[in-house]
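Trainee: Each chain is listed here by its residues.
Number of protein chains: 2
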Amino acid sequence: MISATFVAGISIALFGLSLASAQQDQVALHGIKPLPNERYVMVTFLSGIEFWVPARKGMEHAAKQLGVQASYQGTEKYDAIDEARVLDQVIASQPTGILVTAQNPEALRPTIDKAVDAGISVVMFDSDSPKSKRPVFLAGDNYRIGQKAGELMARLLNNKKGAKLEVVTTIGQLNMTQRSSGFEEAVEKHGMTVVRTVEEGGGYDATYARTKEVLQAAPDLDGIFDCGSMAPGASKAVQEAGKIGTIKIIGMDLDNALMDLIEKGQVAATLVQGAWHMGYWGLWMSYAVAHGMVDAGIPDFKQAGASPLPAYVDTGVYEVTKENLKFFRNINKP
Amino acid sequence: MISATFVAGISIALFGLSLASAQQDQVALHGIKPLPNERYVMVTFLSGIEFWVPARKGMEHAAKQLGVQASYQGTEKYDAIDEARVLDQVIASQPTGILVTAQNPEALRPTIDKAVDAGISVVMFDSDSPKSKRPVFLAGDNYRIGQKAGELMARLLNNKKGAKLEVVTTIGQLNMTQRSSGFEEAVEKHGMTVVRTVEEGGGYDATYARTKEVLQAAPDLDGIFDCGSMAPGASKAVQEAGKIGTIKIIGMDLDNALMDLIEKGQVAATLVQGAWHMGYWGLWMSYAVAHGMVDAGIPDFKQAGASPLPAYVDTGVYEVTKENLKFFRNINKP
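Chains A and B, in that order, are what the protein sequence lines are. Just so we're aligned, residue 1 is where the first sequence starts under the working numbering, counting upward by one. Just so we're aligned, residue 335 is where the second sequence starts under the working numbering, counting upward by one.
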């Protein structure tokens with residue numbers, strides 16, 4: 001028969017070893033309990049587009065660190081009712097938290113509020129529903145994105161006074177309007193002028209046709225900022241006019257078509273949003289609320305009308321040119 | 335002699351029990367190693383003011399959850415050189431991270447960059463040094479604070495068309511200018527007008543004297559928004575004119591003097607910043623960078639020119655009136 005002390009001694013020694021080994025690659029979060037069946041779901045519209053990939057990867061990165069499950073659900077269509085239906089299904093599955101972006105702020109609002117009222121820890125990213133009950137919104141600041149594009153344009157044109165610029169935008173769409181306003185304000189400070197603002201028109205062909213018209217009306221154009229994703233359309237018109245390199249083009253976001261054009265020098269630069277941070281910090285914030293980790297320093301924060309989270313996180317934007325493109329090649333790969 | 339299997343069986347069972355017990359009040363962060371002598375320091379100017387207390391409490395709350403040390407250092411004076419000196423001493427002590435607010439953006443910039451270059455995980459809060467190398471800034475959005483004050487004023491005055499308002503501000507100080515602009519924009523949407531903008535003048539007495547003049551020139555005034563901390567001065571003038579209740583006063587932040595005036599109904603409301611979130615998420619973000627937990631989804635994010643953190647966190651603002659004041663009573667208590 002062995003003595004209890006002897007066994008305890010061995011087990012403590014082994015336990016000590018196990019802890020030491022565990023501590024090499026993990027730290028503890030104190031005062032926080034794991035939740036049963038802990039699970040977070042990201043919900044988007046237009047689930048097929050590459051834009052969501054970094055957001056999803058950011059969420060999965062945080063989920064791995066926290067040891068929780070995270071999954072992704074989206075609706076293929078750009079349709080508010082369809083998105084509300086998917087969000088409803090996700091709510092019915094009773095996840096711990098939801099990270100959601102709204103195709104339409106008002107159409108999705110009742111379903112978002114339903115999720116909050118059901119005790120699900122909701123955060124919003126990319127496209128907000130500001131009047132809903134979500135505590136926080138994580139996204140790029142479109143006005144600042146426009147300003148950054150304007151500063152970049154000034155550098156690309158070596159601060160050429162009197163430079164003439166075209167803006168490609170979608171009039172009436174808030175994020176686009178904010179980007180073009182920020183751009184215009186920034187270039188005006190450098191003595192440059194937006195001489196033409198054209199409608200993107202929802203496809204490369206429309207942007208191509210309208211930029212072609214602009215180039216005929218203003219052959220001395222110096223630069224183009226496409227607030228949306230149609231810079232390849234503008235690039236085609238500039239190429240046909242034999243003005244590649246003379247006319248600097250700045251796009252938004254980064255897909256394969258744009259990567260190729262930047263590589264070839266046909267598009268000077270693009271602005272890539274910090275979508276990864278939306279997913280990463282979105283999950284952290286959802287987790288923090290679900291676990292009661294945050295109270296704004298006010299124990300009765302709900303009754304007080306205080307929020308357990310910051311109001312807004314500006315997830316930033318990066319300039320991508322031929323020089324640093326290689327680092328961004330895999331950003332949209334799942 | 336006992337068999338190895340037997341001991342292993344017991345030790346695994348005991349280890350399992352220990353883990354289960356530990357799991358009741360802590361969770362693990364996976365893939366993250368503790369750092370030797372891990373320590374975070376908050377550095378401010380005007381260390382005596384109550385405003386920093388919630389920020390400090392937020393930092394300490396996060397530090398407790400993460401099991402790291404956090405301390406506070408400040409300079410008593412409102413002096414940039416003095417703050418740079420204190421920050422230099424903190425850098426020399428080689429902390430893991432620093433949470434710093436700048437009395438002057440340019441004067442503190444070289445010292446902030448020195449900290450970043452020394453490998454210290456720096457984040458900034460409340461007052462930024464935007465051209466420094468800090469990756470993130472956490473603070474209230476002063477323009478939105480002003481808008482919120484304007485919306486609140488409209489509600490307090492029951493949307494009275496043609497209402498006449500006074501703004502007390504410090505002309506030339508960026509945060510104040512942003513607050514008064516946001517306020518003016520919001521009230522104009524409700525058909526109200528800012529008829530007088532006066533200098534706060536750095537004390538209750540100056541604000542009292544100037545508001546007294548305004549009340550003589552515009553006896554039909556409906557409301558006052560003090561963008562700074564001198565609402566008690568404005569309140570005294572309104573009281574002497576026998577207009578308490580008729581003229582609605584909105585202040586900023588919350589100290590004992592303002593608490594008393596709100597309690598007595600002499601000041602209608604104040605806007606309290608989410609300073610707790612500056613400290614709480616500031617520490618989390620500093621910790622995340624120090625531990626290599628975040629890379630923006632781009633392995634070579636430094637060479638790419640991408641940031642490991644969001645660009646900006648808007649820490650929000652809360653409306654405090656007589657109705658919910660009791661919940662905020664202890665917000666500035668250490």
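These are calculated hints, taken from the structure and not from any lab test. Take the hints with a grain of salt, since some may be wrong.
Stated by the list, open to error - Below, simulated PhoX-like cross-link-like pairs (lysine-lysine); rule was C-alpha separation at most 20 Å, straight line:
1) B:465 - A:189
2) B:494 - B:523
3) A:243 - A:322
4) A:131 - B:391
5) B:660 - A:33
6) A:322 - B:636
7) A:302 - B:656
8) B:636 - A:57
9) A:302 - B:660
10) B:523 - A:302
11) A:64 - B:660
Stated by the list, open to error - Label pairs and their calculated CB-CB ranges:
12) B:507 - A:30: 36 to 46 Å
13) B:495 - A:171: 27 to 37 Å
14) B:384 - A:161: 43 to 53 Å
15) A:174 - B:380: 32 to 42 Å
16) A:77 - B:639: 28 to 38 Å
17) B:529 - A:36: 29 to 39 Å
18) A:81 - B:575: 53 to 63 Å
19) B:525 - A:190: 33 to 43 Å
20) A:161 - B:411: 43 to 53 Å
21) B:507 - A:197: 30 to 40 Å
22) B:489 - A:185: 27 to 37 Å
23) A:161 - B:507: 28 to 38 Å
24) A:73 - B:413: 22 to 32 Å
As the list claims (entries may be wrong) - Computed footprint of chain A on chain B, listed as stretches where at least three residues anywhere in the stretch have a Cβ under 8 Å from a Cβ of chain A:
25) 363-375
26) 639-645
All residues carry an ideal CB built from backbone N, CA and C; glycine is no exception.
Trainee: Per the coverage rule (Cβ-Cβ under 8 Å, at least three residues), is the segment 363-375 of chain B covered by chain A?
Mentor: Satisfied; 6 residues make the cut.
Trainee: Hint says 53 to 63 Å; check whether the CB-CB distance for residue 81 of chain A and residue 575 of chain B agrees.
Mentor: holds (56 Å)
Trainee: Can you let me know if the beta-carbon spacing of residue 507 of chain B and residue 197 of chain A is within 30 to 40 Å?
Mentor: holds (35 Å)
Trainee: Taking the beta carbons of residue 73 of chain A and residue 413 of chain B, is their distance inside 22 to 32 Å?
Mentor: Violated: the Cβ-Cβ distance is about 54 Å, outside 22 to 32 Å.
Trainee: When you check the alpha-carbon spacing of residue 131 of chain A and residue 391 of chain B, does it fall within 20 Å?
Mentor: It is violated: about 30 Å lies between the C-alpha atoms, which goes past 20 Å.
Trainee: Should the hint that residue 529 of chain B and residue 36 of chain A are 29 to 39 Å apart at their CB atoms be regarded as holding?
Mentor: violated (59 Å)
Trainee: Is residue 494 of chain B close enough to residue 523 of chain B, meaning Cα to Cα at most 20 Å?
Mentor: Holds. Residue 494 of chain B to residue 523 of chain B sits at ~12 Å (cutoff 20 Å).
Trainee: Between the segment 639-645 of chain B and chain A, see if three or more residues pass the 8 Å beta-carbon test, and mark the coverage as holds or violated.
Mentor: holds (count 6)
Trainee: Cβ-Cβ distance between residue 489 of chain B and residue 185 of chain A: within 27 to 37 Å?
Mentor: Given range 27 to 37 Å: holds, Cβ gap about 31 Å.
Trainee: The hint says 32 to 42 Å between residue 174 of chain A and residue 380 of chain B; measuring C-beta to C-beta, is that right?
Mentor: Holds - the Cβ-Cβ distance for residue 174 of chain A and residue 380 of chain B, about 39 Å, lies within 32 to 42 Å.
Trainee: Mind checking the alpha carbons of residue 64 of chain A and residue 660 of chain B for me, to see if they're no more than 20 Å apart?
Mentor: violated (41 Å)
Trainee: Just to be careful, I want the Cα atoms of residue 302 of chain A and residue 656 of chain B compared with a cutoff of 20 Å; is the pair within it?
Mentor: The hint holds at about 16 Å.
Violated hints, listed in ascending order, are 4, 5, 10, 11, 17 and 24; each of the other numbered hints is respected by the structure.
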